[in-house]
Amino acid sequence: MSITEIARGYAPPREAESAAGSSGPARADLVRLTPATARGARVPRWLRRTTGPVVLVALWHLASSTGILPAEVLAGPGTVLSSAAKLIESGELQAAIVVSMSRAMTGLAIGGSIGVLLAVLSGLTRLGEDMVDAPMQMLRTVPNVALIPLLIIWFGIGEAPKIALIALATAFPLYLNVYAGIRGVDQSLIEAGRTLGLSRWGLVRHVILPGALPNALVGLRYSLGIAWLALVFGEQINATAGVGYLMANAREFFQTDVIVVCLVVYAFLGLAVDLVVRTLERIFLSWRPSFTGA
Amino acid sequence: MATQLHRRLNAPAAVAVHGLTRSFGTRRVIDNLDLNIQPGEFVALLGASGCGKSTLLRILGDLDPEFSGEVTVPTRRAIAFQAPRLMPWKRVWRNVLLGLPGRPDRARAERALDEVGIGHRADVWPKVLSGGEAQRASLARALVREPDLLLLDEPFAALDALTRLKAQALVAELWQRHGCAVLLVTHDVEEAILLADRVLVMKDGVIAHQESIALPRPRDVADPEFTRIRGELLDWLGVRQGAAH
Ligand SMILES: Nc1ncnc2c1ncn2[C@@H]1O[C@H](COP(=O)(O)OP(=O)(O)OP(=O)(O)O)[C@@H](O)[C@H]1O
Ligand SMILES: [Mg+2]
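Line by line, the protein sequences are chains A and B. All residue numbers for the first sequence refer to full-length UniProt numbering, where the first residue is 1 and numbers rise by one. All residue numbers for the second sequence refer to full-length UniProt numbering, where the first residue is 1 and numbers rise by one.
Please keep in mind that the hints were generated in silico from the structure rather than gathered at the bench. Honestly, I wouldn't trust all of these hints.
[To be verified] Simulated restraints on C-beta separations:
(1) P101/B <-> M105/A: 38 to 44 Å
(2) A180/A <-> H178/B: 40 to 46 Å
(3) P101/B <-> A134/A: 54 to 60 Å
(4) P216/B <-> D186/A: 40 to 46 Å
Glycine included, C-beta positions come from ideal geometry on N, C-alpha and C.
One chain only, chain B, in its complex shape (with noise of 0.2 Å):
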């Protein structure tokens, strides 16, 4: 623990953002935001739906470059989308292992695929896949690339609620074991204070509330904290106007 601490405070931050805009024509969706993440952090980002979440994330992964602004990020990135994005045409393995540098062999892509549980479909083509299964061979694909940056932009929003906890506690293992900073844009308030450091709130094209989550490790929902921070949370994000006090 006084190691990880000491990494936090003396390496650079893994992402450092200042001043940040990005304007659809006249609309301003983020105008001049600030965002540091430090290495090895786990952050989730909540907002409204159309609030610019995805597009601050596409700026991060080098996807978008009409922004203005200071933007500083690890060279080595991933993301994984909503959607699993495989090459239909290339068999799981191989879905794995493109872009790497070099001959990876066929190994490391198992060895990815077994970490995420799915080792057994190495060979299968992407379409018999079925949604969590290809969910979780997006993830073996990001972290195979062993980045100091993972961004996920909703990454179980199409998995069912069973799944989801089970890709919940996989993601929150392979971060812990991977040590990489990770920034995950989500809809679901308590997957976000489940898994993340922090919990930054967007609104009106900035951050407009965070709040560090400092519960023991594994959480339990029924924590009166838990509960707690939650309120709070759905308050800044006006679900539960007036409901709250």
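One chain only, chain A, in its complex shape (with noise of 0.2 Å):
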């Protein structure tokens, strides 16, 4: 009797076996735990990691070489990989990823300042936030595609309505996240940092926007992902150049394999970028108690 008190601290009695009556302690259920290293033994990280790609590739070849999928509508991973040769061959990719790249960066470095500067000025001060958090939220409502029309009126069809768009759609993200950051500081800390003496501008610095960071990151990889979204977008504005600017000709005389090229390349600078706000994660976020994945 007293031994399925005890029991019961860990699990429930099991009814059957309890009204069974048997003698001594109730069997308990076991199982056996694996450690860690025991576990990553099946198949390597990056076998796993490929396998899906490589079997779509394969797909693709084989429906592109029985000609169930006709040049016209897709070319197949042969001609779209010379293709690419010949553009890189040329010179032609490298030069319309510079032009795409620097839109990209442009439009995010004025965008992405700007988002960042309204996010510190409403998150730290009361005026701040009455001037400018209204206006913001209701602004990122509107979808910045529709603004097309209204910013080429205002700054043509040249390099600057790209970027223009480019920027607006960037300050957003960017802006929503740091101000959420900042405001979500742990109010003890700041608490803390108050009694060690530290000033206004050092809780700001010591406190408050280190403590916004792992946000703003967050921020930064959103903003990233909707630059490339308007850079594709603005690029159909009349572009003379970059990526969009392949494409569009491309699309003029049906070039699939030149297109899928293209977006390969989209789909590549968007990798290599979300690279590059790992890497910044990991250098800056190295103090967070984070899950890392399993």
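Fit the two chains together into the complex; they arrive one by one in their own frames, and the hints show the way.
Below, the structure written as structure tokens:
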């Protein structure tokens, strides 16, 4: 009797067994726990991660070579590779990437700075909050792409409207996340900072801004994602250079292979930029006791 | 000992509180409270949960200006809270130096950390410290400011029994070396009697009882006088109602 009492501390007694009146302590269900070193030994991570894409490309190749997927609809991987090689050889692709990349980065630099600046302003001061936050929350509901006609009227059809569109699109994610980050800083840490004799500026520098950094990097990642989206839309506006221009030209001549090359380039640029943010997070957030994934 | 006494007699009080009142809404949590603490005196504050101990400490630490009454405290104060409240984005030694005027060098932080026995942890992020280590880092951060008044709000409450004993001994030693006035909020009656010159019991918004502890240090829990004081304080805290006499 007393033994089942003790067992109940860990798991409910199994009715059937205790009813059977078995002598001695009830046998417990055991589970063997495997250490992390033993768990990881199955399939290497890189192999698991590359299987999906490889299978996809293989299917694509199969469909193209058997004629199920005609070249006018979508060129096969072989054709895409050779046209990519041609574009690289002539230097067209590199030039286009440089133009697109610099558009995206210029837009992001302008929009990001504005977003961060406004967020700091409204995050730190009551006055800033009242003047900045309400209009920002209102404006962010307007889809950026819907502004293209206005931007063309204001800035013409050169570089300016493209960069303005990217700047507009990237300002909001950074604004929202940095603002939330600043407002979300642990109040008890701010209090501790005050008891340590930090001035107002010292609190901002040593407590509030570092505390908002994780959110700021989340904002940066969103902004980069949107910068790419805005770039694709922006480059539809009468572009004379860049990846979008390459794509528009290819469309004129039904070169689906070139279009796919451009799509792949967009994807890789996106991935590269994401890698940059991940690296930034590793460097600047190494203090964070965060979950790294199983 | 004589110089100590002299200092206590002549110097102005480290803490002088007169007619302190603090209300939340219509509830007076602190109601016309008087309190004096001499320089270098170790005072422990006991009281039931929710009786306003932390509220009093926050007022003395200048974290809560919404009070009425007269409060005088030293300009050099330091607080250690129940949670260590280290900045997670600063390495331990930078946490210790945070907020010090001028450009204090790392050696100063290391000395303070050595003093509390975690000098070898100076370079790590706070996230890797154990609970006891983090609490000691918080103590080092308070002491490196060389305060005249050290306010401690249940700094050992979250520690296991063994670590708590070590931390208490450490605080006693540090207090004797630094000679600052200490106000320690605690729920542990034995801890209060072990460490303090004077134990206060807070009740209904005032200091309802105080007990000077004249026992020689280091103190022994088994001392009959110790037991007597403990019994008395427990009565005041309403823990042993009826059973005492
Ligand atoms: N900011 C606040 N707003 C409203 N009520 C508060 C606030 N801070 C404290 N109180 C109330 O004041 C009372 C005293 O709180 P305090 O934190 O000082 O208690 P305490 O003595 O430190 O208790 P414990 O021993 O549990 O820490 C509590 O009833 C609490 O609810
Ligand atoms: Mg409290």
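Now the hints, each set against the structure:
no.: 1; hint: P101/B <-> M105/A: 38 to 44 Å; verdict: 41 Å, holds
no.: 2; hint: A180/A <-> H178/B: 40 to 46 Å; verdict: 42 Å, holds
no.: 3; hint: P101/B <-> A134/A: 54 to 60 Å; verdict: 40 Å, violated
no.: 4; hint: P216/B <-> D186/A: 40 to 46 Å; verdict: 43 Å, holds
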